[in-house]
Amino acid sequence: MSAESVSLGERIADRTDRVWSHLRFLARDRLALAGLITLAVFVLLGLFGPTIAPHHPIEDYVRTTQGDIVRLAPPSADTPLGTTEYGKDVLSQFLAGAQPTLIVGLLGGVGTGALGFLVGLVSGYFGGWVDEVLMRLTDLTFSLPFMPMALLLLTFITPNVWLITAIIVLFLWKMPARVVRSEVLSTRERTFVKSARASGAGHLRTMFLHVAPNVLPIGFLYTAYGVAWAIAAQASLAFLGFGDPTTTSWGRMLRMVFESGTIRIAWWWVLPPAIGIAAVTTSVFFIGRAYEELINPEIQNQ
Amino acid sequence: MTDTDQPLLEVDDLRVRYSTSEGSVYATNGVSFSIDNGVNYGLAGESGSGKSTAAEAVLGLLPENGTIDSGEIRFKGQNLLDLSAAERRDVLWEEIAYIPQSAMDSLDPVMTTGGQIRQAIKKHRNVSRTKAQERVRELFDIVGLDPERTGDYPHEFSGGMRQRVTIAMALALEPDLIIADEPTTGLDAIVQDKILDTILDIQERIDSSLLLITHEIGVIAETCEELSLLYGGKVMEQGSVDNVLINPTNPYTMGLKNSFPEIEGGGDPVSIPGSPPNLSQEPSACAFTERCPFATQECEQSHPDLADLPNRNHRSACHHVERAAQMRRDAAQPDTWGIDVEDGEESETGEVVLETNDLQKWYEQSQSIVSKFRGETPTYVRAVDGVSLSVSRSEILGIAGESGCGKSTLGETMALLSQPTGGEFTFDDKPYEYYQNGNMKEFRRKLQIIFQDPFDSLNPRQTVRKLVGEPLTIHDYRTDERATAITETLETVGLPTTPAFLDQYPHELSGGQRQRVAIARALVVDPDFLICDEPASMLDVSLKVNLLNLLRRLADTEDIAIVYISHDLASLVEVSDRLAIMYLGRMVETGAVDRVARRPKHPYTNSLLSAAPEKDPSVERTRVLLDGEPPNPVDLPSGCVFAPRCPKATAECRSEEPAPDAAGDEGHTAACYFPEDEGNPIVREAGQNRENESVGD
Chain A
101 MSAESVSLGE
111 RIADRTDRVW
121 SHLRFLARDR
131 LALAGLITLA
141 VFVLLGLFGP
151 TIAPHHPIED
161 YVRTTQGDIV
171 RLAPPSADTP
181 LGTTEYGKDV
191 LSQFLAGAQP
201 TLIVGLLGGV
211 GTGALGFLVG
221 LVSGYFGGWV
231 DEVLMRLTDL
241 TFSLPFMPMA
251 LLLLTFITPN
261 VWLITAIIVL
271 FLWKMPARVV
281 RSEVLSTRER
291 TFVKSARASG
301 AGHLRTMFLH
311 VAPNVLPIGF
321 LYTAYGVAWA
331 IAAQASLAFL
341 GFGDPTTTSW
351 GRMLRMVFES
361 GTIRIAWWWV
371 LPPAIGIAAV
381 TTSVFFIGRA
391 YEELINPEIQ
401 NQ
Chain D
5 MTDTDQPLLE
15 VDDLRVRYST
25 SEGSVYATNG
35 VSFSIDNGVN
45 YGLAGESGSG
55 KSTAAEAVLG
65 LLPENGTIDS
75 GEIRFKGQNL
85 LDLSAAERRD
95 VLWEEIAYIP
105 QSAMDSLDPV
115 MTTGGQIRQA
125 IKKHRNVSRT
135 KAQERVRELF
145 DIVGLDPERT
155 GDYPHEFSGG
165 MRQRVTIAMA
175 LALEPDLIIA
185 DEPTTGLDAI
195 VQDKILDTIL
205 DIQERIDSSL
215 LLITHEIGVI
225 AETCEELSLL
235 YGGKVMEQGS
245 VDNVLINPTN
255 PYTMGLKNSF
265 PEIEGGGDPV
275 SIPGSPPNLS
285 QEPSACAFTE
295 RCPFATQECE
305 QSHPDLADLP
315 NRNHRSACHH
325 VERAAQMRRD
335 AAQPDTWGID
345 VEDGEESETG
355 EVVLETNDLQ
365 KWYEQSQSIV
375 SKFRGETPTY
385 VRAVDGVSLS
395 VSRSEILGIA
405 GESGCGKSTL
415 GETMALLSQP
425 TGGEFTFDDK
435 PYEYYQNGNM
445 KEFRRKLQII
455 FQDPFDSLNP
465 RQTVRKLVGE
475 PLTIHDYRTD
485 ERATAITETL
495 ETVGLPTTPA
505 FLDQYPHELS
515 GGQRQRVAIA
525 RALVVDPDFL
535 ICDEPASMLD
545 VSLKVNLLNL
555 LRRLADTEDI
565 AIVYISHDLA
575 SLVEVSDRLA
585 IMYLGRMVET
595 GAVDRVARRP
605 KHPYTNSLLS
615 AAPEKDPSVE
625 RTRVLLDGEP
635 PNPVDLPSGC
645 VFAPRCPKAT
655 AECRSEEPAP
665 DAAGDEGHTA
675 ACYFPEDEGN
685 PIVREAGQNR
695 ENESVGD
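Read top to bottom, the protein sequences are chains A and D. Going by the numbering used here, the first residue of the first sequence is number 101, and it counts up by one from there. Going by the numbering used here, the first residue of the second sequence is number 5, and it counts up by one from there.
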């Protein structure tokens, strides 16, 4: 048990073992497995999408052998997902567009979950004026409508992926904070928390080792929601024309197809980004649900 | 008992199986019993014995994974299992009513209590609202509630009164059979006694039968005429209560009866060692073999059939019925069960560890802003109101009282989990302020508290190893020999120390094991002082006795001072050296356990003692039923707080509060002007008159 006798190597091996056993557990749930695969594909797309794209998504035009720009062509052998109104390759846009979606979705979601969880935990655990201050702050962010505020900010500052992520986190942490706080309020009244205090545990230990693990499932669920929200929010911002103008994202693709007025005709242009967004957000939910089972020993054994 | 040729309810060879992801659990394995018209029938057994399953099968309320493999449940000759779901519903409530286990929570909080009963009546009977309302008033009267209160909401009633409302509801349609699942569990002795009294009273007035499910043999002994004892899903012994409980012929009955602690009567209770059988397959041997000291080869081979005993209404499932008399004698001896008898002599009590002097804990009631602004003095709930006590090493001080008397608050205040609002208390000769000024760690190590609910007092996300090891980390105590410390402590409390056990989570443990882990958590840092707040209230009888023995041993061998808080006087008498009786935040009587239990001075102690059920049905118990409920601790009466309910109270009692040592001598004091054994009959009579007066106003 003593920490000294365990070498670093053993510890790393132990960790990897655990991660593997977690993954194996998730893989037993079919929906979660599907989610895992989708997410893995998505992460790969995010990392390597721009490099494997056959054309540059914005600069390159798809041309016929005569040199004419191919506009709004349905899928063919040459262009597997067709072309856009402006003569760009949809497949390349789809592949390259995964990257900003991944960054915003992952960082935005995790940021939302983590910030909200911490605020909710501290607020609920300590109560009193700490709770009062944090919750009024939450109320404030609730009262600010997300879209108009984000648009307002983005009109003054040139948007880039990181800025958009930050704005999303700033506006979305309130959701997990509220829910986690109410969970903490009921958890901290449970006997084992009192018992931990009575055995001499300090506030930090009680909060992070006794209260937090028991509200973690809610935190995870809301992180999963956060990923979905962040992707949707980023897509909406891009759709409204406030995305990062220098890169392609799935939201921006939808914006373009809408702007060009061909949204009713060019299904090959609409479907890839739409399905992409839907698939990623759904798989995050599936994994979140299965993960709750994993970290809750009570459900696990049933 | 009316004599009809066919019994009201007949359960015949009932087999219920639960399918879980880890295989089947055979909950009942051929349970048969029958209830005649107008009979109170008891179904007893430890948890996991299948008693609730049997009742749920009768009611058709089995959970979804439960299936009835075979057997018949005949109600008035009709097999209930052949009925459709809709027909079954009609039988339910109309003819079979049900009082669920947590009946106090089973009322709808947003509907008046009368309205809820009325709804049940109107659903099944075509009557007018006024007629239904009349019936509700009548029912309130039957169960001993004020008929004027039918318009009140559940939260306006106390726990015991809410229980009466559910009984009234069960009676609403004059069912032929009432099934009550642990109707008094969770209520304290006085309330339980009143409810039992009501049930018996109803029995006389209405001609319905009752199926009472409980783990407390005493409750059955007092209310029922016949009973079945279940173990491992099998009936071990059944018949008339008098026969079975006075002359048990089955080793299990003997064990259960002997482990039931009693206030009076000789000898320590003897627990049954071991744990209930694993029911993952149908028992092929006698279900009790593993724990039975009389088991032979024969017992291993088959479960005995229920055999009629000659000349009596008494059946027993044991291969050795003919040896019953001998077994009865042997079963009373602890060594028969393989229990080492520890030397009976009480160890010397050491120096005083904790002492309180006029300790107070008042809670301020929330005020409206207006009254705050006006500067009105806030009102206080006086949960602990001037308690003086002392506890020495190796001593167990029992604190008894009804729920709401402030005994748990006292425990938490002594553990400094809540701030005392007045008075002083010293721990290890240092005032509590010393610890609060930077020496809290020391205090938290030396004084440990164990809470009531073993199902909630362990963090569900930690393994046994982490749970027991955590205090070591917190206090940086024996960290270099962590594993040894954990193993040692687990051995002390009698838990396994295998790695597999150490890696288990609380939900994988039984109730008794969880409570032991909670105790191990407290003991691992070698404290000097242990506060136990109702640690056994949720455990089965034999587990309860184990726990009491464990605490006794800790006090004797480890020199720990223990405060044991409980409403269960029988176990307090069993475990404590001294006993303190608490009423509304004050100690009304304190003294050596024998003297308080055998010759109580305070009338409140007397009524508490008389409220404990008797396991021997032949003993007639004199009940001292208290009127009313404890007064509101916000608005306490002047004078003796017990005066409004006291049968002997006089004007003096009402005007001036008796000092804690108004009666008695050193070693046994009571806060009473007219202590029981010194009381003269004239005062008693005056008290009677006074009581009549107080009823009038």
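Mixed in with the good hints, there may be bad ones.
As the list claims (entries may be wrong) - Capping the alpha-carbon separation at 25 Å, the derived lysine to aspartate or glutamate pairs in DMTMM-like fashion look like this:
id: 1; chain 1: D; residue 1: Lys470; chain 2: D; residue 2: Asp432
id: 2; chain 1: A; residue 1: Lys294; chain 2: D; residue 2: Glu138
id: 3; chain 1: D; residue 1: Lys450; chain 2: A; residue 2: Glu289
id: 4; chain 1: A; residue 1: Lys294; chain 2: D; residue 2: Asp480
id: 5; chain 1: D; residue 1: Lys135; chain 2: D; residue 2: Asp86
id: 6; chain 1: A; residue 1: Lys294; chain 2: D; residue 2: Glu99
id: 7; chain 1: D; residue 1: Lys470; chain 2: D; residue 2: Glu437
Claimed, not checked - Label pairs and their calculated CB-CB ranges:
id: 8; chain 1: A; residue 1: Met249; chain 2: D; residue 2: Glu26; range: 34 to 40 Å
id: 9; chain 1: D; residue 1: Gln369; chain 2: A; residue 2: Ala127; range: 53 to 59 Å
id: 10; chain 1: A; residue 1: Arg118; chain 2: D; residue 2: Glu26; range: 58 to 64 Å
id: 11; chain 1: A; residue 1: Arg364; chain 2: D; residue 2: Gln123; range: 16 to 22 Å
id: 12; chain 1: A; residue 1: Arg118; chain 2: D; residue 2: Ser422; range: 36 to 42 Å
id: 13; chain 1: D; residue 1: Gln371; chain 2: A; residue 2: Ser121; range: 53 to 59 Å
id: 14; chain 1: A; residue 1: Phe308; chain 2: D; residue 2: Glu99; range: 43 to 49 Å
id: 15; chain 1: A; residue 1: Glu289; chain 2: D; residue 2: Gln123; range: 55 to 61 Å
id: 16; chain 1: D; residue 1: Ser162; chain 2: A; residue 2: Ala127; range: 50 to 56 Å
id: 17; chain 1: A; residue 1: Ser121; chain 2: D; residue 2: Ala487; range: 48 to 54 Å
id: 18; chain 1: A; residue 1: Ile375; chain 2: D; residue 2: Asp484; range: 54 to 60 Å
id: 19; chain 1: A; residue 1: Glu289; chain 2: D; residue 2: Ala663; range: 36 to 42 Å
id: 20; chain 1: D; residue 1: Asn443; chain 2: A; residue 2: Ala127; range: 21 to 27 Å
id: 21; chain 1: A; residue 1: Met249; chain 2: D; residue 2: Gln369; range: 42 to 48 Å
Calculated from the structure, these hints are not laboratory results. It should be emphasised that the depicted structure is a prediction, and the values quoted were computed from it without experimental measurement. Note that CB positions come from ideal geometry on N, CA and C, so glycine has one too.
These are the hints, each one checked on the structure:
1. D:Lys470 - D:Asp432: violated (30 Å)
2. A:Lys294 - D:Glu138: Violated: lysine 294 of chain A and glutamate 138 of chain D sit about 48 Å apart, past 25 Å.
3. D:Lys450 - A:Glu289: Cα-Cα ~24 Å, so holds.
4. A:Lys294 - D:Asp480: With Cα atoms ~20 Å apart, lysine 294 of chain A and aspartate 480 of chain D stay inside 25 Å; holds.
5. D:Lys135 - D:Asp86: With Cα atoms ~35 Å apart, lysine 135 of chain D and aspartate 86 of chain D exceed 25 Å; violated.
6. A:Lys294 - D:Glu99: Answer violated: lysine 294 of chain A to glutamate 99 of chain D is near 46 Å, above 25 Å.
7. D:Lys470 - D:Glu437: Answer violated: lysine 470 of chain D to glutamate 437 of chain D is near 32 Å, above 25 Å.
8. A:Met249 - D:Glu26: 34 to 40 Å: At roughly 53 Å between Cβ atoms, glutamate 26 of chain D and methionine 249 of chain A fall outside 34 to 40 Å, so the hint is violated.
9. D:Gln369 - A:Ala127: 53 to 59 Å: holds (56 Å)
10. A:Arg118 - D:Glu26: 58 to 64 Å: For glutamate 26 of chain D against arginine 118 of chain A, whose Cβ atoms are near 24 Å apart, the range 58 to 64 Å is violated.
11. A:Arg364 - D:Gln123: 16 to 22 Å: Violated, since arginine 364 of chain A and glutamine 123 of chain D (Cβ atoms, about 57 Å apart) do not stay within the stated range.
12. A:Arg118 - D:Ser422: 36 to 42 Å: With Cβ atoms ~40 Å apart, the hint holds.
13. D:Gln371 - A:Ser121: 53 to 59 Å: holds (55 Å)
14. A:Phe308 - D:Glu99: 43 to 49 Å: violated (56 Å)
15. A:Glu289 - D:Gln123: 55 to 61 Å: violated (33 Å)
16. D:Ser162 - A:Ala127: 50 to 56 Å: holds (53 Å)
17. A:Ser121 - D:Ala487: 48 to 54 Å: With Cβ atoms ~24 Å apart, the hint is violated.
18. A:Ile375 - D:Asp484: 54 to 60 Å: This hint holds: roughly 59 Å between Cβ atoms.
19. A:Glu289 - D:Ala663: 36 to 42 Å: Holds, since glutamate 289 of chain A and alanine 663 of chain D (Cβ atoms, about 38 Å apart) stay within the stated range.
20. D:Asn443 - A:Ala127: 21 to 27 Å: Violated, at about 52 Å.
21. A:Met249 - D:Gln369: 42 to 48 Å: holds (43 Å)
Going through the hint list in order, the structure does not satisfy hints 1, 2, 5, 6, 7, 8, 10, 11, 14, 15, 17, 20.
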